[in-house]
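Student: Join the two chains, each given in its own frame, into one complex according to the hints.
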Amino acid sequence: MGEISRRTALKIVGAAGAAAAVAAPGEAEARVVGQANPEDHGLLVDAVRCVGCRACVTKCKEANGKPPDLRTVAGATYDAPLDLNAQTLTVIKRWAAEKEAGFVKAQCMHCAHPACASVCMMKALHKGEHGVVEYDVSKCVGCRYCQIACPFNVPKFEWASVTPRIVKCELCRHRRKDGKGPACAEVCPRDAVTAGTRGALLAEARRRIAERPGAYQDKIYGETDGGGTNVLYLSPVAFETLGLPELGTEPAPELSETIQDGIYQGFATPLVLLGALSVVTWKNSRSAKTEEER
Amino acid sequence: MTARARPVEGRFLSTPIKIMLLLWGLGTVAGLWRFTHGLGAATSMNDGYPWGIWIAFDVVVGTGLASGGYAMALLVYVFNRGKYHPLVRPALVTSFLGYSVAGIAVAFDLGRFWNMWRIPVALSDWNGTSVLLEVALCMMAYTAVLFVEVSPALLERLAATGQDGKAALARAWLPRIERALPFVIAVGLVLPTMHQSSLGSLLLVARTKVHGLWHTGLLPLLFLLTAFAMGYAIIYFESIFSSVAFRRPLETRLLSRLGVFVAGVIAAFLVVRFAGLAASGRLGLLFSSGVHSFFFWAETLLFAAAGWLFLQQRVRAHAPGQLQAALLALFAGSMYRIDAFLTGFNPGQNWIYFPSLPELFVTLGLVATETMAYVWIVKKYPILAGVSVPASRTVPAVAAREGVVS
Numbered sequence: 001m002g003e004i005s006r007r008t009a010l011k012i013v014g015a016a017g018a019a020a021a022v023a024a025p026g027e028a029e030a031r032v033v034g035q036a037n038p039e040d041h042g043l044l045v046d047a048v049r050c051v052g053c054r055a056c057v058t059k060c061k062e063a064n065g066k067p068p069d070l071r072t073v074a075g076a077t078y079d080a081p082l083d084l085n086a087q088t089l090t091v092i093k094r095w096a097a098e099k100e101a102g103f104v105k106a107q108c109m110h111c112a113h114p115a116c117a118s119v120c121m122m123k124a125l126h127k128g129e130h131g132v133v134e135y136d137v138s139k140c141v142g143c144r145y146c147q148i149a150c151p152f153n154v155p156k157f158e159w160a161s162v163t164p165r166i167v168k169c170e171l172c173r174h175r176r177k178d179g180k181g182p183a184c185a186e187v188c189p190r191d192a193v194t195a196g197t198r199g200a201l202l203a204e205a206r207r208r209i210a211e212r213p214g215a216y217q218d219k220i221y222g223e224t225d226g227g228g229t230n231v232l233y234l235s236p237v238a239f240e241t242l243g244l245p246e247l248g249t250e251p252a253p254e255l256s257e258t259i260q261d262g263i264y265q266g267f268a269t270p271l272v273l274l275g276a277l278s279v280v281t282w283k284n285s286r287s288a289k290t291e292e293e294r
Numbered sequence: 001m002t003a004r005a006r007p008v009e010g011r012f013l014s015t016p017i018k019i020m021l022l023l024w025g026l027g028t029v030a031g032l033w034r035f036t037h038g039l040g041a042a043t044s045m046n047d048g049y050p051w052g053i054w055i056a057f058d059v060v061v062g063t064g065l066a067s068g069g070y071a072m073a074l075l076v077y078v079f080n081r082g083k084y085h086p087l088v089r090p091a092l093v094t095s096f097l098g099y100s101v102a103g104i105a106v107a108f109d110l111g112r113f114w115n116m117w118r119i120p121v122a123l124s125d126w127n128g129t130s131v132l133l134e135v136a137l138c139m140m141a142y143t144a145v146l147f148v149e150v151s152p153a154l155l156e157r158l159a160a161t162g163q164d165g166k167a168a169l170a171r172a173w174l175p176r177i178e179r180a181l182p183f184v185i186a187v188g189l190v191l192p193t194m195h196q197s198s199l200g201s202l203l204l205v206a207r208t209k210v211h212g213l214w215h216t217g218l219l220p221l222l223f224l225l226t227a228f229a230m231g232y233a234i235i236y237f238e239s240i241f242s243s244v245a246f247r248r249p250l251e252t253r254l255l256s257r258l259g260v261f262v263a264g265v266i267a268a269f270l271v272v273r274f275a276g277l278a279a280s281g282r283l284g285l286l287f288s289s290g291v292h293s294f295f296f297w298a299e300t301l302l303f304a305a306a307g308w309l310f311l312q313q314r315v316r317a318h319a320p321g322q323l324q325a326a327l328l329a330l331f332a333g334s335m336y337r338i339d340a341f342l343t344g345f346n347p348g349q350n351w352i353y354f355p356s357l358p359e360l361f362v363t364l365g366l367v368a369t370e371t372m373a374y375v376w377i378v379k380k381y382p383i384l385a386g387v388s389v390p391a392s393r394t395v396p397a398v399a400a401r402e403g404v405v406s
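The listed protein sequences correspond, in order, to chains A and B.
Just so we're aligned: the first sequence equals residues 1 to 294 in my numbering.
Just so we're aligned: the second sequence equals residues 1 to 406 in my numbering.
No lab work stands behind these hints: they were computed from the structure.
Quick caveat: nothing in here was measured; it's all calculated off a predicted structure.
Heads up, some of the hints might be wrong.
Away from chain B, derived, C-beta distances all over 10 angstroms, residues of chain A [said to hold, decoys possible]: (1) Arg54; (2) Gly65; (3) Asp83; (4) Glu129; (5) Pro189; (6) Arg206; (7) Tyr216; (8) Pro236; (9) Ser256.
Cβ pair distances, simulated, as ranges [what the hints assert, rightly or not]: (10) Val271(B) with Asp261(A): 47 to 57 angstroms; (11) Phe241(B) with Ser138(A): 14 to 24 angstroms; (12) Ala96(A) with Ala278(B): 36 to 46 angstroms; (13) Ile352(B) with Thr163(A): 48 to 58 angstroms; (14) Ala288(A) with Ala168(B): 26 to 36 angstroms; (15) Gly348(B) with Leu255(A): 32 to 42 angstroms; (16) Asp261(A) with Ala373(B): 37 to 47 angstroms.
The C-beta atom is built at its ideal place from N, Cα and C for all residues, glycine as well.
So that you can see chain B by itself, here it is in the shape it has in the complex (with noise of 0.2 angstroms):
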């Protein structure tokens, strides 16, 4: 197995993207909806339930998802855990490309979006209490900052298969980004901190609104923790994930090393909010708020199951366990997003919300084109390691079908 990253290769067209395709066909269509209809038509938000779906889930658990890039730079460049190089790359790839679906739902969410360019321009109106214009100017600067960390991968095959004049351009760029490339991870470490916090810190204002099982000081806190735990657990989902779609070895070995960090972060998770509860007396609402207490409940077992099984992955090392955890953890960390933005969100007057059709379409639409993209980018671009090289480049067909192997 070699660590360098190569592309997959092969045809793009099969038929999990043909589904995708047709997801993101249905989703362009509930947003042409949206568009021309406004919000009121295509979605269920009101005046109690202003942020729906688009921004709990696009937004707030789509970016903690696409935190594994966040997660690996803090591994493998501040604790300096070379050997975890190779998971690095793709795990940039799809936070790229999180964060760049979850800037898009924001343009289907905001209904004055054609003035959204003004939030990173008219820098005379910042408001500097406002705790979304840091969390909308972070996402936008981090956005191009994963994309200068994934560049890389761009230029190398830019240098080896492009054209002369694009070749040497990209031969030229690859090592002045090299350089600035530790600078730029400190970049890339400092702003999703800043973000994922303050994701949290979003709901500190809305005291009257969010139930005490969620609406704590610590919200920052826990959004930061969540986003750990579910960018250590995307990395074993996709490197497992990566293995049986694209036929390379598994990397169990690489990844149960990891497990006893991610179950300590899942530990720290579940310190925090306890001790929360019990700092500001709400630990009887553990048991007294009905529904409430069941959501708290499911995501805390959730969590501690996720982090019992990370923990095994330094006596008995296997996939399947892995797969389970990382799902486990991925599972609860989304939980608790929601729960905090939605399911424990309760502006009173008798407001209800459960999305539309159309909200559902975008948001699965979404997330469709982020697989497809990732997928066409893994078999273009270098960005997983231990890729074979196809059957058909070393051998040639016919002699492949005759048996004759050199």
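Bound-form chain A, shown alone (with noise of 0.2 angstroms):
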């Protein structure tokens, strides 16, 4: 064991990473928001390594506490997830194009400017410390239009409990305290998914690309897709077989908050119509009330 991995490399980068944020809480409040940021953490998840072994999905319930999703097929029991679910905040799922098939892991995308974030009414969700999307229960009124919004499907409900919350991967936050950092990336045994800032997790896929271009696609999903995400993905056949949306550049919530700022113009447009309105309505119930008295 002469040499240091890449994987423990990139986890160092990333501890530094996250050393230096607690060190100075401002600036990450200065970030620009709905900016990829290259000091964000994220993963690398690499369809091209992935063979399916599920231990990420198994280690990750372990490090949430989540049950395991129970399926009884002919007597026999498995903890199998279909797809994220309540219960389930990363899964792996089988991919087939025409020759190839293969493997690749699903979780929350981290979004540089997430969709669920823009539209949550009271900033349940909301981008947290090092880029990632932090979800806070004591503020989530259960309206579920995270749900709508997300353009990967990613945030869950908890449909069978009588005090719901919304499920979804927080890049194993709460293990930060104890120098932790997301449980997945830490079992992996094919590095096919990595941990690490924003930053290093893009130098190290165009590396692998650059090594063996035939093997991947010349493209980095995430680099600019639907506005950057912290999680970013690296395949063999195109995107979309992957289940991963065509989203072009522009952030999931751009076009909504444009045309909403627009309209409101931080809100002067609703107060002028006040005001004009104001204006109109007393007129008129004068001149109905003159109209009365004669």
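Tutor: Okay, structure coming up:
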């Protein structure tokens, strides 16, 4: 074990970033909202390397205290989540193209400009430290607009509960205090999931593409897709085959925010409208009164 | 016929009301089931379709149908068409009831409903980019405004029939409210302009999920126009319904002159919608989208038929034509809104949604509650104009039976 693995190296880079951010909380606040930040924490998911062992799924459940998603087939019981759900923050899915087939991991993409946080009424979902999209249950009213808004269908709702929460990957932020990163990356035997800062992960992704140009699509999904995400993907096939939507470079909430801003002009439009209508209704009510008196 | 509003009076518990009480009971049981067993047990909603009919029908369609107060206030107080004044009070009452019911539906729908109080109170948590927050705050404020707008009717009754203390209080407050009314009305015009358009804006963010025939940057304008179309149509429906139900004269002539205006609103909706599709190069979707094309054309043809019938009122005003026009417009507007939120919404991954029985029971129960409340209010309070004083009040019952009419 003479060589420090890349994973360890990236972990160190990430930890250093984390330490810096903890030391200077002002820095985290000063970040440009809605823009991908190279210091943000994220994951690199490599669909070329993933062999579908599901160690990440099991470890994720353990790290996040989520119960198994049990399914009984022909008398035998399996912990086999079919998709992200209220018990499952990450899942491995099979994909198949014409000639090839393989596995890919799904979890929250931790968008630079997340639709879920943009639409959340009370900031229960919000962009937290290190660009992680965090959930604060104390502020959540359970409206599920985040589920409508997310183009990746990531936030899940505890439908079976009388006191339901929104459930999604928060990049194991609760493990940060123990100096640990995301559990899924920790157990991946093939570096198919790597944790680190966005900048370091992009560099690593480019290195892998350059090393085996024939094996990879010449694109890193999430670099610019949907305005940039902190979870990045490498793939041997078209990214749609992996179930990643074609979003363009525009952040998902951009259109909505632009149109609402355009109409409201920082609430000036409603105030002007109110002023104008007050004058009109007041004048009209006076003329109606004089008519009555006549 | 007098233009003064009067209580309809008469017995409340009729057969239709008994049926509605039954629906209310079913809704209550379904609602209890939802609160004790959770949304998953009671509804068909799922992670792909997190909004079902409680949002798409009870709130989005429901407040559209409750836009009568908004539409009439605009006509009477802004365009100064005082002759329509008799239609305002019943419109405000149905609007108030419609918005109240939408509020109750939201409480059923919110997973963590006990946190609801935070929405108007926890100002520091307000997210300025959330369209839903704007809709929620506007609807809460507008429901309060509608209550103030309706309150003169309640106070008038209290002033006339209440005990001395209450009557004096009502008499003291009536002029104060009357003075503030122009401003209250202005607020009551701005708020629905904001949230009725924003109901459409809610879907802007779901670019990948809402079908191209419904997803457009013009959603806020299209929803505002459907609010007007549905608002005026419900005035027709309500006027004719209350004439038949409470035996008061039809307002056919008054309504006929409004027809051109409603037809104009519908035409504007259709023009904006087709122009938007043409501008974004989506006219091809009109015929290539299977079931979605079908729904699009159903909405369009219903609207066009309604517009044509409304226009006909200029030539030959008659109540059946007005009722047909109104029902077509109400159906078209409701369908457009349901389609945008549910039929045209596709989250992918083979998710499906069809409302469960408890969901339908709650919705029917809420509609029944709203209808019962309306009937009770117009019987008790001075809402409807042209109501004839019941014979039992003018003529002693015995005298009437013996044919002695004074």
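Student: All hints are to be evaluated individually against the structure, with a verdict given for each.
Tutor: The hints, checked one at a time:
no.: 1; hint: Arg54; verdict: 20 angstroms, holds
no.: 2; hint: Gly65; verdict: 20 angstroms, holds
no.: 3; hint: Asp83; verdict: 7 angstroms, violated
no.: 4; hint: Glu129; verdict: 18 angstroms, holds
no.: 5; hint: Pro189; verdict: 28 angstroms, holds
no.: 6; hint: Arg206; verdict: 28 angstroms, holds
no.: 7; hint: Tyr216; verdict: 25 angstroms, holds
no.: 8; hint: Pro236; verdict: 22 angstroms, holds
no.: 9; hint: Ser256; verdict: 4 angstroms, violated
no.: 10; hint: Val271(B) with Asp261(A): 47 to 57 angstroms; verdict: 26 angstroms, violated
no.: 11; hint: Phe241(B) with Ser138(A): 14 to 24 angstroms; verdict: 46 angstroms, violated
no.: 12; hint: Ala96(A) with Ala278(B): 36 to 46 angstroms; verdict: 39 angstroms, holds
no.: 13; hint: Ile352(B) with Thr163(A): 48 to 58 angstroms; verdict: 27 angstroms, violated
no.: 14; hint: Ala288(A) with Ala168(B): 26 to 36 angstroms; verdict: 27 angstroms, holds
no.: 15; hint: Gly348(B) with Leu255(A): 32 to 42 angstroms; verdict: 19 angstroms, violated
no.: 16; hint: Asp261(A) with Ala373(B): 37 to 47 angstroms; verdict: 39 angstroms, holds
Of the hints listed earlier, those the structure fails to meet are numbers 3, 9, 10, 11, 13, 15, in rising order.
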